[in-house]
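Number of protein chains: 2
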Amino acid sequence: MEEQDRKEIIENILYLINARDDAALSNIAIDTHPADLAGILPDLGDSARNYLFGLMDADTASRVITELDEVTREDLLNVVKSSRLIEIIDEMDSDDAADVVAELPVHMQKQVLANIEPQDRVEVEKLLHFEEDTAGGIMALEFIAVYEDETVDDAIREIRQRAEEIDEVFYVYAIDRGGRLTGVVPIKSLFLRNPRRIIRDIMHKDVISVTVDMDQEQVANIVRKYDLSAVPVVDKYERLVGRITIDDVVDVLQEEANEDIQRMAGISDEEILQETSTFRITRNRLPWLIIAFLGQLMAAMVLSRFEITLTEIAALTFFIPVIMAMGGNVGIQSSTIVVRSIALNEAGAMGLWDRFSRELRVAMLNGFLIGVLLALVIIFIWPNIENRPILGSIIGFAMMLVIINSAVFGSIIPFVLNKLRFDPAIATGPFITTSNDVLGLLIYLSLATFYLKNLR
Amino acid sequence: MEEQDRKEIIENILYLINARDDAALSNIAIDTHPADLAGILPDLGDSARNYLFGLMDADTASRVITELDEVTREDLLNVVKSSRLIEIIDEMDSDDAADVVAELPVHMQKQVLANIEPQDRVEVEKLLHFEEDTAGGIMALEFIAVYEDETVDDAIREIRQRAEEIDEVFYVYAIDRGGRLTGVVPIKSLFLRNPRRIIRDIMHKDVISVTVDMDQEQVANIVRKYDLSAVPVVDKYERLVGRITIDDVVDVLQEEANEDIQRMAGISDEEILQETSTFRITRNRLPWLIIAFLGQLMAAMVLSRFEITLTEIAALTFFIPVIMAMGGNVGIQSSTIVVRSIALNEAGAMGLWDRFSRELRVAMLNGFLIGVLLALVIIFIWPNIENRPILGSIIGFAMMLVIINSAVFGSIIPFVLNKLRFDPAIATGPFITTSNDVLGLLIYLSLATFYLKNLR
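Residue numbers (our numbering), protein chains in the order written: chain G, 1 to 456; chain B, 1 to 456.
Keep in mind the hints are simulated off the structure, nothing from the lab.
In this text the structure is predicted, and so the values were computed from the model without any measurement.
It cannot be assumed that every hint is accurate.
If several chains are the same, the list does not tell them apart, and a pair holds so long as it fits within one copy or across any two.
What the hints assert, rightly or not - Calculated lysine-lysine pairs in the DSS-like style (CA-CA distance at most 25 Å, straight line):
no. : residue 1 : residue 2
1   : Lys419    : Lys453
2   : Lys7      : Lys225
3   : Lys236    : Lys225
4   : Lys225    : Lys419
5   : Lys419    : Lys205
6   : Lys419    : Lys7
7   : Lys453    : Lys225
8   : Lys126    : Lys205
9   : Lys126    : Lys419
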């Protein structure tokens, strides 16, 4: 939906709510795609939002809830009556229902679970046991499975019986009499085969599956790598227990990319883009700022230790920003590349040492070029400096060392963090920049002091 | 595939190549998933890689080529004979074939196009016309379409005829006699309906489609938003011309996230993680470093303009790193959030002004807290400073202003870049950090000079 259309619909809705034209509003709710409604609700204001939501039929409402951003969803769930909520949840797939129930306050959870359809209740309770960010936490219980000794015709009958309840059917899974996953049949194959053929004889036996406790990021990487449209989930006895469709995997990939990007920027936890509370946002960002702040006090201490050098050659102060910034930039370039290779699971393709030596070579080239550039600027262009040739060479050389140091640090730290089972993405944020600042200033001023003492 | 298994298979392969045990190698090539083979080839070394690739049947080879990283693929395509390449391309889907052909040197392109199957040739040539990063550039021509006045039985017959050639069939598209897309039928529905029913009566008429010239990022956002498994592509006359499956969309999302992350880190173009050439990597990174370098020379100029102030109060120099770094960190936090909302198309849900005022509020709170913290450190803890209370207050106040300034700058620049049709992601890299450094130092030293002149 185009931004223009969206604005028009919003105006329209607000007008119709004022006019209490419920019939027209209901039509809009029916004609507009639930995903678009979910994009409109956050902009309506509380009372209009609740009013429009109240006019939606349970099926539409369930789809809208599933698509809503977390902040608006929480607001809505806080005001909707539990009888209505029960109707809405009854319409959902098991995975979406479990997500919504998990977000409810405890007393609402109990009330909802006690009143939804018994089968849904069993399913939701089963799903609530799994960690949110594992295969179990994102899988749905709606899938088509047949015994491997059944026929194509049995599979078609199973699809007919359950098609209403299951939105997307792309594969039929084959299980043995112990419930273990043994194969997969793409749904199109059912059209190609004699209805009396046995599933075991037509199924793909090398079916790719994930285990119920696998981390969702790993699940996403598998689905991405093997270009799957859905992946079956098995328990530790290899029994088929659920399936994950690729649209949920897309959400996971988006979430993980967001998380990486935000961590790189020094924002802990994932900050929800629709979040409006100043305090909640500050809580996510301040800790990193404080860490960087304390680190930079160390940088200040380094500078105060070199006070004499700095007073003797005032020009040294001028180049503090360029030394800090270039070290910071190079460190972020190196660590970003390393963090991405780890996240995309592509570190294997290029071993630790290869990647490190690659960063080192690039840093030596960049460091040399920028070091020479800085030396030339100081020697030939910068006004009012004494001992240009020597000072320029010293500062340029320091620049090169600082760049190399930053690249080394920036590419090693993510590997170390990964080994220690921290998310390497935090390395690319304020953490690495601050360390590089302190080390960079130390290198820079030590060299300058050495020059003062020995060369002058 | 686990890292352990991967290493074992690699050892195995190298051993078998030495022993020239082609039969065993062929078995490995058949038993291993093409995506896993694609993960192994980059680590084999040139001659072993070419040898193993030469033993694969054309179908496996075509899948491996499709999954390979760009660097290894280019290496392989450079050594494979054109007769073999033609066999391999004949096995591919039209979109993958077009991608490979597009990468070939011109003389190879001609030779390959002249010798692949005539129908493939027409398809590949059609696809080569589209820009690489548009819907046309990523769509495939393999899809199932029937006229809307045909029956369910006709659709099933069409699937039977074309199932061999089309890997994944999830939807049947309905077109009118002019070829215009008019509806969609999920393949499972074909099982539920009387074979004699007319497609028009059972199809979903509100089918979501994309146009052939739409940017791939927009396509990905639509597929993600509406949870589609495949999306049909239409030309400007609304005629159905192709389809995009979600596994290709996943690749686009990954590519775009990578691009954003790398641009944030000041790496122009997408740096391929497997790239090994020091010069090619440097070419991607050096331009940003030079821009930052020139910007920091401005910072050096600012400092030299304030030389007198800095000599009079040496302590001012010590806090240059903390002022620069905090401004930089806050600027990156704000710009990252704004860039992500623009990229995920979620800026609409929270208007420009809302987002800006949100960042301003957060910055005022963070700025106040960190400013006070810095003032307290200077007043009560820092050794050897004169006029502590006043100097501490001035520097703390400057800290607050610098943080607010960085947040304002960091959140406005991405919007401006987006309006000017630049990628806002470049704003979060060295560009914004450098501007914030220069502005921050100006604010800091101006305040300090004002204090020297007026308050002492």
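Each hint tested on the structure:
no. : hint             : result
1   : Lys419 to Lys453 : neither (43 Å within a copy, 54 Å between copies)
2   : Lys7 to Lys225   : between (39 Å within a copy, 18 Å between copies)
3   : Lys236 to Lys225 : within (23 Å within a copy, 34 Å between copies)
4   : Lys225 to Lys419 : within (23 Å within a copy, 36 Å between copies)
5   : Lys419 to Lys205 : neither (35 Å within a copy, 53 Å between copies)
6   : Lys419 to Lys7   : between (49 Å within a copy, 19 Å between copies)
7   : Lys453 to Lys225 : neither (59 Å within a copy, 65 Å between copies)
8   : Lys126 to Lys205 : neither (28 Å within a copy, 37 Å between copies)
9   : Lys126 to Lys419 : neither (33 Å within a copy, 48 Å between copies)
Taken one by one, the earlier hints fail for this structure at numbers 1, 5, 7, 8, 9, listed in ascending order.
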